[in-house]
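**Q** Residue numbers (the working numbering), protein chains in the order written: chain A, 171 to 541; chain B, 13 to 320; chain C, 437 to 851.
There could be a bad hint or two in this list.
Distance condition first, Cα-Cα at most 30 Å in a straight line; then the derived DSBU-like pairs of lysine-lysine [said to hold, decoys possible]: (1) 463(A) to 661(C); (2) 354(A) to 372(A); (3) 463(A) to 487(A); (4) 496(A) to 463(A); (5) 661(C) to 487(A); (6) 661(C) to 307(A); (7) 199(A) to 463(A).
Taking CB as the label site, the calculated pair distances span [said to hold, decoys possible]: (8) 743(C) to 82(B): 35 to 45 Å; (9) 478(C) to 527(A): 50 to 60 Å; (10) 527(C) to 205(B): 43 to 53 Å; (11) 622(C) to 205(B): 40 to 50 Å; (12) 237(A) to 479(C): 52 to 62 Å; (13) 743(C) to 205(B): 54 to 64 Å; (14) 479(C) to 87(B): 36 to 46 Å; (15) 355(A) to 306(B): 15 to 25 Å; (16) 155(B) to 649(C): 57 to 67 Å; (17) 155(B) to 647(C): 37 to 47 Å; (18) 535(A) to 194(B): 31 to 41 Å; (19) 194(B) to 622(C): 26 to 36 Å; (20) 523(C) to 306(B): 51 to 61 Å.
Not close to chain A: a few residues of chain C, all C-beta gaps over 10 Å, as computed [said to hold, decoys possible]: (21) 441; (22) 474; (23) 531; (24) 544; (25) 607; (26) 655; (27) 708.
It is worth saying that the hints were derived from the structure and are not from the lab.
For clarity, every value in this text was computed on a predicted model and none was experimentally measured.
Yeah, the Cβ is synthetic: ideal placement off N, Cα and C, and Gly gets one too.
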Amino acid sequence: MILSTRSLKTMLLGALALSPLAQAEDAIKIAVVGPITGPVAQYGEMQMIGAKMAIEQINAQGGVIGKQLEYMPMDDVCEPKQAVAVANQVVNDGIKFVVGHLCSGSTQPASDIYDDEGVVMITPASTNPSITQRGLKMVFRTIGTDDQQGPVAGKYIAEHIKPKQMAIIHDKQQYGQGIAEEVKKTVEAAGVNVVLFEGVNKGQTDFSALITKLKQANVDFVYYGGYHPELGLILRQSKEQGFDAGFMGPEGVGNKAISEIAGPASEGLLVTLPADFSTNPANADLVKAFKDKGEDPSGPFVMPSYAAVQVIADAIKEVGAPDAEKVAEAMHKGTYETPIGKISFKENGDLSEFEFVVFTWHADGSKTPAQ
Amino acid sequence: MSETSLVLLQQVINGLTLGSIYALIAIGYTMVYGIIGMINFAHGEVYMIGAYVGLLVITALGLLGITSVPVILLLTLAVCILVTSVFGWTLERVAYRPLRGNPRLVALISAIGMSIFLQNYVQIGQGARDVAMQPLVSGGWRFGPANGFQVYLSYMQVLIAVTTVLFMTLLTLFIARSRMGRACRACAQDLDMANLLGIDTDRVISLTFVLGAGLAAVAGVLVGLYYGLINPFIGFIAGIKAFTAAVLGGIGSIPGAMLGGLVLGLAESFTSAYLSTEYKDVVAFLLLVFVLLFRPTGLLGKPDVEKV
Amino acid sequence: MDELLRRHLPESVVMALVTAVLTIPILGVRIHIENLQVTLEGDGTPVYIAMAVVFLVRLFRAPLSQITGMVRIDRLLPSSDWLTRYRTGLLAAMIVLALIWPFVASRGAVDIATLALIYVMLGLGLNIVVGFAGLLDLGYVAFYAVGAYSYALLNQHFGLSFWECLPISIVLAGATGCLLGFPVLRLRGDYLAIVTLGFGEIIRLLLNNLDELTGGPDGIGNIPKPTLFGLEFARRASTEGGVTFHDFFGLRYDGADTIIFLYLIALLLALFTLFVSNRLLRMPVGRAWEALREDEIACRSLGLNPTLIKLSAFSLGASFGGMAGAFFAARQGFINPESFTFIESAIVLAIVVLGGMGSQLGVILAAVALTALPEVARQFDEYRMLIFGLIMVLMMIWRPQGLLPATRPRMELPQ
Numbered sequence: 171m172i173l174s175t176r177s178l179k180t181m182l183l184g185a186l187a188l189s190p191l192a193q194a195e196d197a198i199k200i201a202v203v204g205p206i207t208g209p210v211a212q213y214g215e216m217q218m219i220g221a222k223m224a225i226e227q228i229n230a231q232g233g234v235i236g237k238q239l240e241y242m243p244m245d246d247v248c249e250p251k252q253a254v255a256v257a258n259q260v261v262n263d264g265i266k267f268v269v270g271h272l273c274s275g276s277t278q279p280a281s282d283i284y285d286d287e288g289v290v291m292i293t294p295a296s297t298n299p300s301i302t303q304r305g306l307k308m309v310f311r312t313i314g315t316d317d318q319q320g321p322v323a324g325k326y327i328a329e330h331i332k333p334k335q336m337a338i339i340h341d342k343q344q345y346g347q348g349i350a351e352e353v354k355k356t357v358e359a360a361g362v363n364v365v366l367f368e369g370v371n372k373g374q375t376d377f378s379a380l381i382t383k384l385k386q387a388n389v390d391f392v393y394y395g396g397y398h399p400e401l402g403l404i405l406r407q408s409k410e411q412g413f414d415a416g417f418m419g420p421e422g423v424g425n426k427a428i429s430e431i432a433g434p435a436s437e438g439l440l441v442t443l444p445a446d447f448s449t450n451p452a453n454a455d456l457v458k459a460f461k462d463k464g465e466d467p468s469g470p471f472v473m474p475s476y477a478a479v480q481v482i483a484d485a486i487k488e489v490g491a492p493d494a495e496k497v498a499e500a501m502h503k504g505t506y507e508t509p510i511g512k513i514s515f516k517e518n519g520d521l522s523e524f525e526f527v528v529f530t531w532h533a534d535g536s537k538t539p540a541q
Numbered sequence: 013m014s015e016t017s018l019v020l021l022q023q024v025i026n027g028l029t030l031g032s033i034y035a036l037i038a039i040g041y042t043m044v045y046g047i048i049g050m051i052n053f054a055h056g057e058v059y060m061i062g063a064y065v066g067l068l069v070i071t072a073l074g075l076l077g078i079t080s081v082p083v084i085l086l087l088t089l090a091v092c093i094l095v096t097s098v099f100g101w102t103l104e105r106v107a108y109r110p111l112r113g114n115p116r117l118v119a120l121i122s123a124i125g126m127s128i129f130l131q132n133y134v135q136i137g138q139g140a141r142d143v144a145m146q147p148l149v150s151g152g153w154r155f156g157p158a159n160g161f162q163v164y165l166s167y168m169q170v171l172i173a174v175t176t177v178l179f180m181t182l183l184t185l186f187i188a189r190s191r192m193g194r195a196c197r198a199c200a201q202d203l204d205m206a207n208l209l210g211i212d213t214d215r216v217i218s219l220t221f222v223l224g225a226g227l228a229a230v231a232g233v234l235v236g237l238y239y240g241l242i243n244p245f246i247g248f249i250a251g252i253k254a255f256t257a258a259v260l261g262g263i264g265s266i267p268g269a270m271l272g273g274l275v276l277g278l279a280e281s282f283t284s285a286y287l288s289t290e291y292k293d294v295v296a297f298l299l300l301v302f303v304l305l306f307r308p309t310g311l312l313g314k315p316d317v318e319k320v
Numbered sequence: 437m438d439e440l441l442r443r444h445l446p447e448s449v450v451m452a453l454v455t456a457v458l459t460i461p462i463l464g465v466r467i468h469i470e471n472l473q474v475t476l477e478g479d480g481t482p483v484y485i486a487m488a489v490v491f492l493v494r495l496f497r498a499p500l501s502q503i504t505g506m507v508r509i510d511r512l513l514p515s516s517d518w519l520t521r522y523r524t525g526l527l528a529a530m531i532v533l534a535l536i537w538p539f540v541a542s543r544g545a546v547d548i549a550t551l552a553l554i555y556v557m558l559g560l561g562l563n564i565v566v567g568f569a570g571l572l573d574l575g576y577v578a579f580y581a582v583g584a585y586s587y588a589l590l591n592q593h594f595g596l597s598f599w600e601c602l603p604i605s606i607v608l609a610g611a612t613g614c615l616l617g618f619p620v621l622r623l624r625g626d627y628l629a630i631v632t633l634g635f636g637e638i639i640r641l642l643l644n645n646l647d648e649l650t651g652g653p654d655g656i657g658n659i660p661k662p663t664l665f666g667l668e669f670a671r672r673a674s675t676e677g678g679v680t681f682h683d684f685f686g687l688r689y690d691g692a693d694t695i696i697f698l699y700l701i702a703l704l705l706a707l708f709t710l711f712v713s714n715r716l717l718r719m720p721v722g723r724a725w726e727a728l729r730e731d732e733i734a735c736r737s738l739g740l741n742p743t744l745i746k747l748s749a750f751s752l753g754a755s756f757g758g759m760a761g762a763f764f765a766a767r768q769g770f771i772n773p774e775s776f777t778f779i780e781s782a783i784v785l786a787i788v789v790l791g792g793m794g795s796q797l798g799v800i801l802a803a804v805a806l807t808a809l810p811e812v813a814r815q816f817d818e819y820r821m822l823i824f825g826l827i828m829v830l831m832m833i834w835r836p837q838g839l840l841p842a843t844r845p846r847m848e849l850p851q
């Protein structure tokens with residue numbers, strides 16, 4: 171007789187009478203995993219409010235296939251080891267749908283587990299291309315990737331800015347460096363002279379030495395791959411030192427906070443962003459719903475999180491049951507109407523189309539499409 | 013001057029400004045270490061709290077309609093020093109005093125615990141997001157050719173340097189001249205002996221924490237104004253750097269903390285300038301390792317004699 | 437009673453005011469940013485609550501301490517004599533519990549236990565350095581990283597399996613320990629601490645900056661899990677012609693098997709660490725570590741070479757760190773420098789100190805407690821780390837010698 175570990179486990183469970191009571195659970199649980207605590211908690215919050223709003227609105231309309239959705243926030247602190255623990259917890263709790271994780275470094279190890287265990291995972295925030303390049307069937311994302319965004323920025327620089335001496339700075343993180351490398355590839359192919367490609371440290375506050383160096387090298391345009399705190403400081407300190415090159419960054423910097431940090435220095439900054447969902451008239455009601463709750467819908471991950479929940483709900487409706495494998499299959503085929511537009515997924519789980527637009531940022535935190 | 017030397021001058025200015033801030037924080041480490049031989053790991057958090065209080069006070073004054081910059085600065089510094097002093101005092105009473113007499117590691121763990129606690133306390137109260145502070149003092153002087161590289165020295169940088177030197181001088185005078193200062197020095201030499209001779213060592217230790225916390229608050233306010241970005245996690249990085257500066261200069265020595273801070277600031281600045289920014293922390297720590305290899309007690313530290 | 441109040445009242449008022457100063461700027465007044473305008477929002481409630489609590493506790497501290505005096509925390513925990521007597525029994529009970537754990541606990545719990553076992557390995561490894569030899573190492577994470585990257589890189593470039601890489605990782609981490617230890621071990625206590633901290637950071641920054649070698653911030657992915665004599669634990673075999681565990685035994689695929697298998701390997705490695713460090717302590721070199729910790733000068737006068745002894749402790753401790761690292765890489769399947777920050781070193785150090793320096797049993801318990809605590813406190817979400825920090829402080833105040841203090845070999849002179 172071959173004893174599987176599972177049956178051995180059941181026997182022992184019976185023997186030790188430790189078996190948890192079977193729960194009559196009717197709601198469909200959706201785990202929303204991201205950093206609730208820790209240094210990047212502010213991005214996690216964007217994800218949480220977006221997903222929560224979607225779940226509340228769907229429930230208010232009667233849920234899906236007669237069942238309510240249950241919001242299960244989980245904290246991975248953006249630490250890879252916690253991410254694996256949370257993923258196992260999700261599998262353990264029998265949750266079949268995950269919106270998350272946020273940091274690419276956490277998403278990657280966790281996605282292996284979800285895929286292996288047949289859990290649908292949609293990340294609304296991890297943009298690193300490698301996540302979906304490993305042939306996983308259950309892993310999706312509702313955000314563009316670095317290799318979609320980088321070329322958009324690079325092309326814009328080469329065609330419209332035509333800098334004489336360009337510098338590319340990044341924050342030595344998976345996201346920032348990845349996108350900076352994409353930009354570098356694109357602009358160099360177009361013949362732009364990149365005189366400096368350099369990393370800074372995350373959490374660094376003093377950039378004066380770097381700015382002096384840029385000033386000395388007569389750099390007239392800077393691309394920054396990373397998030398808004400560091401770029402905000404760079405802008406502010408550049409203005410102070412009288413270094414007046416043009417600046418550009420990815421969606422990680424396209425956040426009102428950059429104007430809070432850099433003040434007037436953020437005027438004229440170029441940002442590649444997903445088309446702005448919160449100013450889209452079609453989303454006016456949704457934006458109002460966020461504002462009524464005192465939440466900010468303009469963060470880059472809010473609408474993608476909302477969309478992720480919505481896609482899951484719609485796909486469940488299509489299948490007619492919360493069966494993760496079938497839902498994933500349906501998602502690969504279907505097209506969904508969401509606040510981030512009409513979306514469908516490629517074979518690898520990436521969005522088949524995700525449009526990045528170049529915006530000009532203004533000192534009051536608003537943005538207008540660049541010409 | 014040629015362009016290269018102008019650039020060099022600018023980098024020296026950049027480095028000295030950064031170094032002054034490290035020095036202010038480093039003093040807190042060095043004083044506590046000098047007297048009770050303990051690494052106060054939570055000191056960086058006190059600096060972070062100082063920056064938050066500074067932002068609160070400046071905003072409050074702004075809402076009250078006070079616009080005079082010197083008044084705002086002085087009031088902010090006063091309030092911040094007061095509040096963080098209370099933090100420093102409480103920290104010592106709650107987390108360190110009950111542990112006195114235990115092995116050093118015990119106090120170190122307690123300090124690491126306190127550091128985690130304070131970080132999260134502020135995070136719960138004020139949120140994890142970055143908060144920005146608008147510059148209060150802007151503008152500066154420019155030197156150099158009109159069409160070439162211009163050296164820029166901002167008023168804020170001068171303010172930082174002047175404040176640092178001012179507080180250092182005050183502290184040094186206090187330690188050298190006042191009664192309490194003499195008691196401090198006595199405690200640094202031999203805590204038990206000082207106690208036997210009638211010095212209230214508990215008070216001296218409290219005072220050390222209060223002074224260190226006050227200086228950290230000054231650093232916090234200056235950093236808030238100069239860089240304009242604070243979050244609950246700034247204390248950790250600044251703390252490690254300042255601690256490195258304190259050890260580099262010779263822990264326990266106040267001029268050493270100043271020197272260590274400046275050397276560290278310059279080293280970071282030059283690495284960014286002539287090597288690569290991503291290696292500036294590597295160079296900072298390597299510098300520490302090499303200094304300690306050749307001068308095991310730091311630049312200005314007294315060589316300690318092992319007693320049997 | 438009146439007299440009591442009169443004596444404590446002024447002090448209580450002062451303490452309540454101090455509390456006000458501590459809470460107003462953090463909890464009482466909050467920064468609120470809307471449309472680039474910074475405003476302040478006042479909320480007195482938490483401040484009043486905190487003040488009231490502190491006031492009452494200080495005012496009635498005499499009667500309170502009578503009550504709490506009866507329940508002394510340190511009396512609740514076993515004394516060291518008790519431990520010496522039942523040590524073997526306790527250890528056996530723990531090992532038995534660890535062995536049945538994967539078959540009774542849920543998948544999530546087994547995974548957490550695996551994480552706990554990684555910390556047991558790290559804790560026992562650092563215990564050699566800090567507990568036995570008394571060298572304060574704040575950069576232990578460096579060796580953990582070396583172990584993890586050794587496995588990941590050797591696997592990626594040369595296709596070596598986990599079992600082939602494990603000894604190599606151990607040796608490489610030990611060698612790194614030797615290399616780093618050699619120049620710094622002549623430094624004294626706290627200087628040693630800061631230099632090791634520096635080395636920890638240098639290693640992490642190098643991993644992040646040497647993109648060609650380590651993949652930089654992208655890290656290294658697709659690290660295979662360990663195999664059981666060549667049998668893979670996966671839904672599908674990764675290589676052409678590979679055989680998976682469930683195919684070989686004709687079982688239905690169950691993802692939990694992988695988790696349990698990983699757990700058992702972790703248990704094996706942790707037991708190995710425990711066994712080796714236990715034996716080492718009873719060897720001349722272990723005795724020399726303890727002697728050195730107690731009195732370096734006396735050691736030197738007895739002809740022991742302090743540098744060599746310290747170096748042996750440092751590099752042996754490092755090798756166990758490397759072993760834990762290699763296993764960590766296998767469990768994660770993906771590593772990047774984010775996993776090897778200073779806070780990791782701090783947690784491992786906290787495990788050693790909380791458990792009781794030099795006490796292996798204590799270190800094991802502390803590792804389990806510290807890994808489980810954040811999980812247990814997960815419901816409290818944002819208060820989790822706050823509680824974690826608080827417990828570290830309170831533990832040190834109430835029980836500075838650690839949960840289960842180590843027993844020092846001693847001999848009493850006859851009266």
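**Q** State for each hint whether it applies.
**A** Cross-check of the supplied hints:
1. 463(A) to 661(C): 46 Å, violated
2. 354(A) to 372(A): 20 Å, holds
3. 463(A) to 487(A): 28 Å, holds
4. 496(A) to 463(A): Status violated; Cα separation ~35 Å.
5. 661(C) to 487(A): Violated. Residue 661(C) to residue 487(A) sits at ~37 Å, over the 30 Å cutoff.
6. 661(C) to 307(A): At roughly 20 Å apart (the allowed maximum being 30 Å), residue 307(A) and residue 661(C) satisfy the hint.
7. 199(A) to 463(A): With a Cα-Cα distance of about 23 Å, the restraint between residue 199(A) and residue 463(A) holds, given a limit of 30 Å.
8. 743(C) to 82(B): 35 to 45 Å: At roughly 57 Å between Cβ atoms, residue 82(B) and residue 743(C) fall outside 35 to 45 Å, so the hint is violated.
9. 478(C) to 527(A): 50 to 60 Å: 41 Å, violated
10. 527(C) to 205(B): 43 to 53 Å: Given about 46 Å between the Cβ atoms, the range holds.
11. 622(C) to 205(B): 40 to 50 Å: With a Cβ separation near 29 Å, residue 622(C) and residue 205(B) fall outside 40 to 50 Å, so the hint is violated.
12. 237(A) to 479(C): 52 to 62 Å: For residue 237(A) and residue 479(C) the Cβ distance comes to about 38 Å; the hint is violated.
13. 743(C) to 205(B): 54 to 64 Å: Since the Cβ atoms of residue 743(C) and residue 205(B) sit about 33 Å apart, the hinted range of 54 to 64 Å is violated.
14. 479(C) to 87(B): 36 to 46 Å: 23 Å, violated
15. 355(A) to 306(B): 15 to 25 Å: Distance hint for residue 355(A), residue 306(B) is violated at roughly 45 Å.
16. 155(B) to 649(C): 57 to 67 Å: 44 Å, violated
17. 155(B) to 647(C): 37 to 47 Å: 39 Å, holds
18. 535(A) to 194(B): 31 to 41 Å: Between residue 535(A) and residue 194(B), where Cβ atoms are some 55 Å apart, the hint is violated.
19. 194(B) to 622(C): 26 to 36 Å: 35 Å, holds
20. 523(C) to 306(B): 51 to 61 Å: Taking Cβ atoms as reference, residue 523(C) and residue 306(B) lie about 46 Å apart, which means the hint is violated.
21. 441: Non-interface label on residue 441(C) holds, nearest chain A Cβ at 42 Å vs cutoff 10 Å.
22. 474: 8 Å, violated
23. 531: 17 Å, holds
24. 544: Violated, since 3 Å does not exceed 10 Å.
25. 607: 24 Å, holds
26. 655: Violated: least Cβ distance 7 Å, not greater than 10 Å.
27. 708: 22 Å, holds
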